[in-house]
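Asks: The lines below spell out each chain.
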Amino acid sequence: MVPMSDTEGVDRVSALSPPVPGEHPVHQFYWDAVREGQLKLLRCQSCRHFIHYPRPICRFCGSVDLTPEPISGRGTLYSYTVVMQPGHPFFMDKIPYIIGVMEIDEEPGVRLPGGIEAAEDELRCGIPLEVLFKQVTPTLTLPFFRPTGRQAQ
Amino acid sequence: MRLHERVAAVGVGYSTTGRRTGLSSWQLAIQACTAAMADAGMTPGDIDGVALLWGVAGPAPSGLDVVDPMNLGYTLGISPLNWFAEPSPSPAYVGPALQAIAAIRAGFAHTVLTVRIINQRASSREVIREAAERGPEVVTGDRAYTAPYGFEVGGMIPSIAALPARRHMDLYGTTEAQFGAHVVTQRYHASLNEDAIFREPITVDDYLASRYISKPVRLLDCDYPVDSASAVIYTAGDRARDWAKPPVWVEAAAYSSIKYLDFNTIDMNESSPFHAAKELWNRTDLRPEDVDCAQLYDGFTIITFQWLEALGFCKLGEAGPFVEAGNTRLGGTIPTNTDGGACNVGRRHGANFCIETVRQLRGECGARQVPNAQVGVWANAVGPFSGVVLMTAD
Ligand SMILES: [Zn+2]
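Sequence order for the protein chains is A and B. Counting from 83, one number per residue, gives the positions in the first sequence under my numbering. Counting from 31, one number per residue, gives the positions in the second sequence under my numbering.
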């Protein structure tokens with residue numbers, strides 16, 4: 083499904099921010115860690131599986147003993163796309179932008195969506211990625227992923 | 031309670047369909063319902079249940095009037111209702127369809143009117159302007175992991191199809207020209223369907239010249255948003271031959287939810303269509319090679335590819351060459367989306383696939399008729415939730 087017209091000629095709209103993560107009792111630890119420049123995921127203390135997105139119970143063993151633990155921030159590119167048509171005013175002048183999904187090295191099947199910092203031709207499903215923390219607005223920093231071994235821009 | 035072993039579809043109908051029809055959701059719903067009742071030769075008194083899904087895909091423009099099953103039944107003169115449902119969240123039309131089939135089999139109702147009503151959402155221009163006027167948006171829960179990056183914001187969802195499409199390309203060597211072959215095939219089918227919106231034949235080059243929305247998804251991979259309502263009437267086996275047209279039987283059906291409602295991180299090959307298809311084949315003696323035509327959700331091209339693979343019409347990863355070789359074209363091994371698909375008839379959110387299956391199995395499809403079609407399958411939605419129905423001619 084795509085909206086009925088493209089966005090040519092849309093009046094310049096001012097949007098200083100993309101949608102921002104709000105407070106939530108189950109998810110708060112993730113965003114608190116991001117603010118400190120860390121990636122943490124909820125991990126079952128009984129069977130050691132990561133549970134992401136965060137939930138109040140481990141679906142593998144039923145334990146409710148789940149604790150945020152730091153992860154390396156390294157993984158592989160599961161897939162990606164170059165977004166060419168914006169759906170939100172903040173992204174009007176950001177297109178084309180790349181978003182994708184990283185499967186974390188710590189556990190197959192655990193995948194984090196995020197922004198991808200790379201040129202399109204550097205990317206292919208399966209390449210190694212690492213996290214970087216990117217200031218998106220003066221009050222919002224988000225984890226992005228980039229091909230490993232590159233210097234920050 | 032009296033169980034009904036068999037269920038059949040006995041009436042189908044559409045409303046006026048198009049962009050900016052000026053019709054309200056209620057007007058669309060009534061048009062589709064009266065068309066389906068006329069098709070079956072039924073009056074409201076013959077019906078005792080209503081299941082529907084109303085809505086807009088994407089942010090709702092203000093002032094839309096909600097259609098709910100109780101009110102629709104009452105308005106049509108179906109009262110009291112023995113059963114009503116509005117599944118939500120629902121994998122589009124297949125939700126109310128499967129709830130109706132289940133309710134009849136369980137004996138809650140003998141004849142259920144199912145409806146999918148969509149008023150087209152605001153244009154992207156309006157959505158962006160409204161978002162700008164609303165100011166900063168706060169997102170919580172799972173959506174907080176995607177929306178800040180510009181995943182699926184403002185109803186711009188093609189990225190959810192671009193991710194599996196890209197992975198399909200990188201894993202299996204699927205090409206953009208193969209996606210294009212599907213789009214060209216569907217358009218050819220639409221050229222044979224007088225009710226399709228887009229009927230002009232196109233070529234793979236035309237496809238490759240259309241703009242990207244979220245690479246590799248192009249404009250022509252996306253279904254076409256319209257105002258529309260679609261209705262199908264299901265009835266219990268002992269009443270199935272009482273109506274104007276021959277019944278089309280529900281042979282087997284399956285509903286599936288996998289993981290959670292996130293299209294971005296789900297495994298392309300362990301998604302709900304694969305689970306639903308496996309269950310479907312467990313529930314029937316028919317096999318994929320018995321199927322004469324398939325109507326497989328085409329919200330985006332990759333979704334049809336996934337269903338072709340999930341249902342076993344081709345091997346995993348081989349949908350690209352399978353489509354390119356002409357297998358899904360009329361005359362091929364499994365003619366697919368013979369009405370032209372939602373890309374060409376407009377987004378009826380899955381209902382067109384059921385209605386086309388019914389019409390093919392009745393032999394009503396004229397120039398696009400699959401000769402002697404006896405078995406049809408239709409499927410709706412993808413990723414975390416979906417459903418699939420196998421039908422047979424009387
Ligand atoms: Zn556990």
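For the record, the hints were derived by calculation from the structure and aren't laboratory data. Be aware that a few hints might be false.
[Stated by the list, open to error] Label pairs and their calculated CB-CB ranges:
1) B:G361 to A:Q110: 24 to 32 Å
2) A:I209 to B:E319: 48 to 56 Å
3) B:L291 to A:P178: 24 to 32 Å
4) B:S54 to A:R137: 55 to 63 Å
5) B:G393 to A:G104: 51 to 59 Å
6) B:G362 to A:R117: 50 to 58 Å
7) A:E151 to B:N312: 36 to 44 Å
8) A:S145 to B:D225: 40 to 48 Å
9) B:D235 to A:P210: 33 to 41 Å
10) A:R117 to B:G356: 54 to 62 Å
11) A:S145 to B:A239: 24 to 32 Å
Even for Gly, the Cβ is constructed at its ideal location relative to N, Cα and C.
Asks: Look at each hint and say if it fits the structure.
Replies: Right, here's what the structure says about each hint:
A beta carbon spacing of about 58 Å between G361 (chain B) and Q110 (chain A) contradicts the range 24 to 32 Å that was offered as a hint. Under the hint 48 to 56 Å, the C-beta atoms of I209 (chain A) and E319 (chain B), about 39 Å apart, miss the expected range. Our hint of 24 to 32 Å for L291 (chain B) and P178 (chain A) holds, since their Cβ atoms are close to 27 Å apart. Distance hint check for S54 (chain B) and R137 (chain A): the Cβ-Cβ separation is about 40 Å, which falls outside the suggested range of 55 to 63 Å.
One distance hint, 51 to 59 Å for the beta-carbon pair G393 (chain B) and G104 (chain A), holds here, with the actual separation near 55 Å. Between G362 (chain B) and R117 (chain A) the beta carbons are some 56 Å apart, a value that agrees with the proposed interval 50 to 58 Å. Take E151 (chain A) and N312 (chain B): their Cβ atoms lie about 40 Å apart, and the range 36 to 44 Å holds. Remark: the range hint 40 to 48 Å for S145 (chain A) to D225 (chain B) is contradicted by a beta-carbon distance near 55 Å.
In this structure the hint that D235 (chain B) and P210 (chain A) lie 33 to 41 Å apart at CB holds, the actual value being about 37 Å. Checked against the given bound of 54 to 62 Å, the beta carbons of R117 (chain A) and G356 (chain B), roughly 55 Å apart, stay inside it. Judged by the Cβ atoms, the range 24 to 32 Å given for S145 (chain A) and A239 (chain B) is violated: they are separated by roughly 55 Å.
Hints 1, 2, 4, 8 and 11 from the earlier list are contradicted by this structure; the remaining hints agree with it.
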